[in-house]
Structure formats: C-alpha cells, structure tokens
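Peer 1: The primary structure of each chain is shown beneath.
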Amino acid sequence: MHSAYKKWILNSYDKINSDYVELDKLDQLVGDGDHGSTIYKGITVAKQLYLNKLTSPLDETMAIISKQMRIEMGGASGILMSIFFDESGKIDKSNLNSSIIDIFEKSIDKIMKIGKVKAGDKSILDIYIPVLNFLKKNSDFQFKKNEINEILSLSLAKTKEMEAQVGRAKFLENRGLGFIDPGAKSTEIILREYFESLL
Amino acid sequence: MHSAYKKWILNSYDKINSDYVELDKLDQLVGDGDHGSTIYKGITVAKQLYLNKLTSPLDETMAIISKQMRIEMGGASGILMSIFFDESGKIDKSNLNSSIIDIFEKSIDKIMKIGKVKAGDKSILDIYIPVLNFLKKNSDFQFKKNEINEILSLSLAKTKEMEAQVGRAKFLENRGLGFIDPGAKSTEIILREYFESLL
Amino acid sequence: MKKIINNKDQIVDDMLSGYIKANSDRVKFSNNSKRIILRSHPKNIEKTAILIGNGSGHEPIAMGWVGEGLLDANVVGDIFAAPSGDLIFEGIEIFKENSGCILLISNHAGDVMNGEMAIELAKEHNIDADLLLMYDDIASAPRGSEDQRRGGAGTTFIYKILGALSEMGEKKETLLSLGKFVRDQTRTLSIAVASGVSPISGKKIFHLDDDEVFIGMGVHGESGYGRQKISSSKKIIKLMMDKIFDDYQYKEGDIVIPFINGSGATTLMELLIIYNDVEEYLAQYKIKIYKPLINEYITTQESAGFSISLLNSNEQMRNLWISPSSAPYFHL
Amino acid sequence: MKKIINNKDQIVDDMLSGYIKANSDRVKFSNNSKRIILRSHPKNIEKTAILIGNGSGHEPIAMGWVGEGLLDANVVGDIFAAPSGDLIFEGIEIFKENSGCILLISNHAGDVMNGEMAIELAKEHNIDADLLLMYDDIASAPRGSEDQRRGGAGTTFIYKILGALSEMGEKKETLLSLGKFVRDQTRTLSIAVASGVSPISGKKIFHLDDDEVFIGMGVHGESGYGRQKISSSKKIIKLMMDKIFDDYQYKEGDIVIPFINGSGATTLMELLIIYNDVEEYLAQYKIKIYKPLINEYITTQESAGFSISLLNSNEQMRNLWISPSSAPYFHL
Ligand SMILES: Nc1ncnc2c1ncn2[C@@H]1O[C@H](COP(=O)(O)OP(=O)(O)O)[C@@H](O)[C@H]1O
Ligand SMILES: Nc1ncnc2c1ncn2[C@@H]1O[C@H](COP(=O)(O)OP(=O)(O)O)[C@@H](O)[C@H]1O
Ligand SMILES: [Mg+2]
Ligand SMILES: [Mg+2]
Ligand SMILES: [Mg+2]
Ligand SMILES: [Mg+2]
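Protein chains in written order, with the numbering used here: chain A, 1 to 199; chain B, 1 to 199; chain C, 1 to 332; chain D, 1 to 332.
To be clear, the hints were calculated from the coordinates, so they are not data collected in a lab. Treat the hints with care, since some could be wrong.
Taking lysine-lysine and the DSSO-like style, the derived pairs with C-alpha atoms no more than 27 angstroms apart in a straight line are [what the hints assert, rightly or not]:
1) C:K234 x D:K203
2) D:K235 x C:K204
3) C:K43 x C:K96
4) D:K234 x B:K113
5) A:K67 x C:K28
6) D:K235 x C:K34
7) C:K291 x A:K47
8) A:K158 x A:K136
9) D:K96 x D:K123
10) B:K144 x B:K90
11) B:K170 x B:K160
12) B:K90 x B:K6
13) A:K136 x A:K106
14) D:K203 x C:K21
15) D:K243 x C:K2
16) C:K243 x C:K291
17) D:K204 x B:K170
18) B:K144 x B:K116
19) A:K7 x A:K106
20) C:K204 x D:K234
21) C:K21 x D:K234
22) D:K34 x C:K291
23) A:K170 x A:K144
24) C:K2 x D:K2
Only chain A is shown next, with the shape it has when bound in the complex (with noise of 0.2 angstroms):
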C-alpha cells in the first residue's frame, strides 16, 4: 500500500499547491480567506514526512503524518481534516472494501463528535457522509473510480446550497449560502486523489 499512499500524498499536495490560492480566496468569501494556506501547511508537512518515513509501517506512518498535520494546520480545520489520514492507516489490502468502508465510518464518527457537526452543516462531512453511502452501497462490487469521482463532484456541489451551522461561516450574515464550502473542497481534492491513487 506504501506506494499508492505515496502516490495519494504526492499528488494532493501537487492540486492543493496549485490550487490554495483560489481556496483562500473561496475562504475570503465565506470565512476568513485562510483555508487554502492552512490545507498547504498540512499537506506539505505531510509529503515531507512520507518521504522520510517509507520504512515504518503504514499506519505508524499515517498517524505520525496525522498529528503532525494537526499541528501544523491549528484550528478547527487540523484537528478535523487530519482524522481521515489517521484512519486512513488501517487499510487492508486484503479486505480492501470493507476497510475503506470501515475508515470513512471511523472517521465520520470522530469528525460528528469533536466537530459537532451533523450531515448538512456545511462542512467537510458533506463530502465524506455521501461517499461513504456510495461505498455501502457497493461494497459487494469492485469501486469504480469514475462513480466516485461524481459523488464527489455532486456533493461538493451541493454545499453551495447550504447554511453553515458550524465553523466561521456560520457566524456570517448569509451563513455562506451561495457558495461551495471551502474544507469540503479541499476533502474533495484529497479525497479524489486518494480512490484515484487506491483503486
């Protein structure tokens, strides 16, 4: 698995280092303009670990990248967007669907708790609630990249149509109604990337 995760890593920081400053400038409209330089800061700390890590197992190698991430990044936005490289570690080659199912469940678990965010807040978990339903739903059969790739493209879609019940923008005059939501952009990209690499 090293060298798709190698890969998943690798190639998120190459989309997010060419697209944070339209994230920042999305977060300027619905937050505090800073969502593409804080996602940066974590995901090159974690291609600088990957790089220097190959030799660990997977997931000592996920969590060590996890927490740096989150310390890194601060906020709300750490603490959260790095529970899915933690959980991210437990993959299992041979029991690849049910593992991934079992990641983005365990995931989405920590995120509602320490979030306290549910399904519709407008937040990263409407990225990751929809295509953890695709993945149950399909678990019997091989995950077709493509089929993932308009889940996610949907769900990020469809944040434009939702008022923040949590992080900055839910404090703003429109709660953010109108456009897409910033840390469900930058999960779509990592998450893109990750089946991508994966599958």
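Knowing the structure of chain A, use the given hints to seat chains B, C and D with the ligands on it.
Peer 2: Just chains B, C and D with the ligands now, with coordinates in the frame of chain A:
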C-alpha cells in the same frame, strides 16, 4: 470709536461665520484643515466679549478680546492673529491716520518677532505689509476704502505664488504653491471689515 | 497589503521572537517550543498554574499577559487559528508537578475542540488539568443560552482575577468556581466601525459601508445584532448599554468594573470619550465604578471599533483586579 | 467621518473628562482650568516641577504621562494646536513655590511661540521657569542644524529621565543640563504607512498611495525624505537604521535604549516584528540594548506608521529610565 469697532467685530463675525467652512477646506489643501474653525472660535469670543464690554475704555476692551482670542484659538495663528486686535485698541480719533499706521507698524513688528517670519514667507504678514505701505504712502490724505480693498485683494492673490517658509505649509511637499494662504485669507476678511467700519 | 512584515509564514514567529527579546527580564520560550510563552520566574509548584491557548493576531492578548500575578503560560496559534490540542497539551505538561492546572479557553469552536483534546491528553497522562470555558458576548446568543456565547474582551476579568488568586496559592477548585462566578457576572457588547486587514489573505476581514457600524460583531468579524448608521458616542453608548442592562439586572449600589477595549484603529481619544459616556450612563442608575481599564488589549488587527465589558464585582474580585502583575502588556 | 465622538467642539473636553474620571486616583484637573492636568499627589515644593504644553490628538501623550516619577502637569491644547502662552503660564504659576520649573516644549512652531510667551510671562511674575526645547527627528534638518529638527517620539527619553530625576530632588540646573545631554544622544526616524483622519476636518491628514510609505514624515504629516514603495520590514528597517547610523556615531559596546512607537493603526504584531529587525541590526554592530519601549504612545489619530528612537545611554540614564512611575499610560 466704540460703535465703529463694534460694527467691525460683528461684521467680521458674520463674514467668518459664512466663510469658515471654505477656510477649513483651503487649510486642508495647504495645512491641517482647521484654520476656518480656529479663526471662527476666535472671532466668536471677540463678538461675545465685545457685546459685554461696551462700558470699558476701548484699549482695555481690545486687550481683553485679544487675550481671549489667543487663548481660544491657541497654536501659531492664535498668538499671531490676536496681536492686531490688541494693537487696534490704541486708535486715536484725533490722530486717525498716524495712529492707524502705528497700529500696523507695531502689529507687524510683533508678528515678525514672535513668528520668526518675514515678507514673502506666505503668511498673514503678506497682507499687513502691503496695507502698511499703502497707508504710509497716503498718510497725508484721507484713506480711501476702495483703494485699500484693491490692495487687500491683490496681496491675497499674491500669496498663491509664494512657497511657505512658516506654518504647516512649510512642511508640505510643494510648500503650498498654487494656493492662497488660509491665514492671509482670514486676515484679508478682517482688515476689509476694519476699514469698512472705520473709514 | 500595507503591513510591515517579512515572510508571511514567519509573522507569528518573528513577532514572538521580538517579544521575547524585548521582555527577556519577564518572559521566555519553553524549552521545546517557540510557540509556548512562559514566565521567566515560574510560580511555585505548590500553586495552580493558569494557562491559555489561543490564536494570534489579537495582540497584546494573550502573550502580553503572561507574568507574575497573571498567566503562567500562553500557547500561541497561528493568526486567527487555535493552536493544536497537541501543542496545548505540551503547555499543560510543563505544569505537571503543580497543584493542578487550569486551561482557559475563550468560547470559539476551534479553541474548544483543541482545548478539549488537550485536556483528554492530560487525563491520559494523569495530569491534573481542567478546562474553564469563558464566554461573555451578549450579542452571540440570547439569555438562557449563556454557554453558547462567544468569548469577548470581558474574559479579561477571569484572566486577571484567577491569575492574582492563584499567585496567592488558592486551591484549584476554589479558582474554578470563582472563575465561573466572575464569568457569570460579566457582560460584553462590541461594535465594529471599520475592518482591519488579515495578514494572511491581505484582504479586509469584513465589510462595512462608510457611514455604517455593526453592533455585536465578534473579534473575527462574526455577526451580531446588525448594521446601523453611525451616530454620536452618546447615542451609540445608550443603545449598547441598554442592551447590556436588558441582559443583566444591575441595581443601585452595584460596583461595576468597566473595561473599554479598542479593537485596533480606534484612538484612545475616542475610547476616553466613550468611557465618559459609559460613566454617565451608569451614574444615572446610581451604579458605582471601580478602577476601569481603557486601552487596546484584544485587537483584530487594525480594525476600528470597541467593546464595553462590565463586571458586577464583589470585594474579593476588586482586590484581585488591582493586585500587582508583571505582565508586559497589562496595565491598570 | 467614522469616529465615535459627540460634538466636534467638545472632543478634547469630553476626552479629558473621561480621562480624569477613569484615573481619579492619580490625576486631577487644576482648580482653574479643565485643560491643565495635574498629579493628584503633587510633588514636594522643594523639588523642581516638570511640565509640558502641547496640542492634543496624539494620545496617550502627554496627559497620560502625568504622574509620580514623570510629569507634574500637562497643559492641553486643542487637536493639533498648541495651548496659548497664557494657559501654559497658568500651568507654570501652579508651581511658583517650587524650586523652579522646567517647561518641556517639542520643537514645533506653535508650541515654541506659546512656550516662549509663557516663559516671558513667568519672568514678569518673578517665577523661576525655564524652557527646554526638545528635538530629535533626523529627517527634518541635516547634521549641524540639530536645533532646527522637529520633536518626535524620542522626546520620551527626556520626559521620563527628567521626571524621574526631579522626583529625587535634583536641582534645576542639573536637570536642564541632563535634559540637553539626553536630547543630544537621541535620534529618531519615522515612517508613515497610511493617514488617519483629522477629527476637526473629517478628512485624511495626508495622502499616500496604496503601496507607498513615507520615510521621515512628522507627527502631523510633515514631509521628510520622501515616498517609497512598501517592502519587507527587514528592508525598511535597514534603510531607516542606516540613516540613523549616518547621523550619529555609534560604536561597539554602546548601550542603546530603543523606543518603537506606533502612530495609531499599526498593530503591536508589526511593532514587535520591527523591533526584532531593529535588534538584529544593532546586534550586527555589537551594540547592546537596554529595556526597550514598544507600543503606541505618540499617535497621529489612527495613522499607520511607526518611529524608531534610539538613546545612546549612560548608567544614570538607564537607572532613571526604569525607575517607577504612576503615570496611567507609561509602561515599560
Ligand atoms: N465543526 C466543524 N465540523 C466540520 N467541519 C468544520 C467545522 N468547523 C470548520 N469546519 C471546516 O473547516 C473549514 C474552514 O477551515 P479553515 O479556514 O482552515 O479554518 P478556520 O475556519 O479556523 O479559518 C470549513 O470550510 C469547514 O469545512
Ligand atoms: N510663523 C508664522 N508667521 C506668520 N503667520 C503664520 C505663522 N505660522 C502660521 N501662520 C499663519 O497661520 C495660518 C494657519 O493657521 P491655523 O490653521 O489656524 O493654525 P495651524 O497651522 O496651527 O493649524 C497660516 O495660513 C499662516 O498664515
Ligand atoms: Mg478559514
Ligand atoms: Mg491649520
Ligand atoms: Mg482561520
Ligand atoms: Mg492646527
């Protein structure tokens, strides 16, 4: 003389009252935007005092008015512009021309000494001096209002082409070149009303 | 963006470096992190430590309040971002030998998530640490939902009073309950007049029209009661004080400590005019005033605006409020 | 104009009223004028009194520096306008029984004219009073014409050091000569980043483009070395420090007291980053630093910008610099 001086002060008040916003605007261009408000404070207190002090001898009245103007106005313009009001109390009906000349000479001396200023420095002095020159040249005849008014207008216009050597305009990048001097403008108003009431 | 800074990524580190150099007689970095500010002369370990984790960009708070008689430590996050729970835990760990540790957290989502995580880590390591949640901003939630309110400038009363009492060796449980009592006697309402610029995005943090003010805005531009045309100090103060008086029952003879906090660009001239009007408002209800605090302490970069915080005090609180402190940027 | 004020004509009086109410334990009005701020606990008349007359609009200076160990009185003018000589004389008269009186005047034309008038009035009344002219701004006149320079933030060193020494009972002549010596060892250079608004005109005090700064601008927008594109703190500091070092011969081992003064809107975050770079510059020449002062003290409303002042100190100056003071707004 009391009734002429009363007329002078009240008319000056009326004129400044209708012009002080303009004067502030002018001082915005070549200073810190407060000359109108400052001279308005001075002439207001002069008016109030004059209405209260009609029983005192003229020189005492004017000395009190001068001091209160200085206190109300503060800054460079307060100490300098109040000088003429003090000196003006020494007017002598029986020696009208020479006493007026004396008032101007003494005022100019004090302004130069306290203000460390000379002709051409773009200041109130550039009104007083041409008037004094005219008065001296015509000391044997009755002073003519319309001739003095012409001197006043001309002298004020000339300050436009001067570069300030004193006052805040001295520190501007263009030293106020191209604009008339605010203190000269209010002095012109006050002297115009002076001769208007006196002659 | 017109800020005097070097590399954007180094803002917080450059600032803290300057701060520690300038105040080396009173504060220092922790051994392991240049994001943890400690007193140069630590408190005796018999006493309870008081620390806070918070985002930067609001200077002088909270780094400026580390000192004898005030905070034992400040764990500093990036601009407007709470430090991670891991880093806050590192701060707590420094005081593991102390008679307990109180982590102050101003009620903002990121701060709370990371503060709670730090407390859990402390529990796992058998370190005696409690979280004290601070909130006071009446614009952010109605009466009855006080614990949903954001932390505003009135949290200052908790910092100072617990800082002073802990210095005297009071035990943790008493400190916690006094902290909650102070919190419950505090009300804050703020007003935004013009936005400052985020040093990260280089853009205004929020938008206000040229003749507009915003009553109840939070320290990062969070919304409150809404927009108004600007009017005189007296009218604005009446409006704000009426709202505070609707929220808390003051009565004749109460002794209130007022804190007028400037959010960055508002001049001390204005803050003093505002205080003059607050004093007149209180006098009209025969409410007494004790030792007000008036200056810029909790800022949002160079935003214009201010907040009014009132603590309805008892004698103990008043004595602790004026007790000495060596913190470089707290001055009554 | 977005200022929180009441009647424009009452700004200074409202502000002073708020100030005296808030600090009634330490300062009061004189019996005859609400434009003269005095210590609540006056100095023993055996000692020399130190006072200053200056325009307002620059708060907290100078009213905020009246206190034990600092100023005995501040005679307050209107916004950006010196008080009249008559009023300054009234301030001096309060100390007619003291062992002399020193009137500090920052070198600006209106201040000097009115200060000189006050001293003449004192002479006429047989009151022992001297004027000490303060100047330090190297942008306003070249080397050799030091006495033509404007008074800038570096005048702070004179206030504090004479305030402290006079409190100890030192005689007037010694105070005057130390004051002049401090002045001669002080250099200041300022930079304007963005204009504040005059509360009188409601307009910006000066104009700067969005990417422009102005090196050497005076405290009311007076001109200096001219406009530059904004760059990094390090570059700006190098440029400013090079100019200061051209003007004064510092040498290895000198012990300098730095004062980084914010002019209103510039954040403490920036002032600390600036200090960090000033410290590095000095370190490179092996110049030592003693107890820096960093905050907003001499402001021009909510203008953005700052000044660097350096006092090349001796031991006496350093001890006086850190000696205690009760002034409400001076805090080392
Ligand atoms: N409580 C929460 N639950 C889930 N996601 C959250 C929560 N709070 C914030 N987020 C996510 O974080 C994103 C903002 O991240 P970022 O800008 O990095 O942090 P901050 O809001 O502290 O500036 C939001 O778009 C949202 O997706
Ligand atoms: N040294 C001086 N000598 C003569 N006139 C002066 C001097 N300094 C200032 N003035 C006059 O004062 C005017 C400005 O007055 P005002 O705006 O009231 O004061 P300030 O410059 O203190 O704001 C100038 O236009 C100039 O005519
Ligand atoms: Mg954000
Ligand atoms: Mg003017
Ligand atoms: Mg943020
Ligand atoms: Mg002026």
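Peer 1: So which of the earlier hints does this model not fit?
Peer 2: 4, 7, 14, 18, 23
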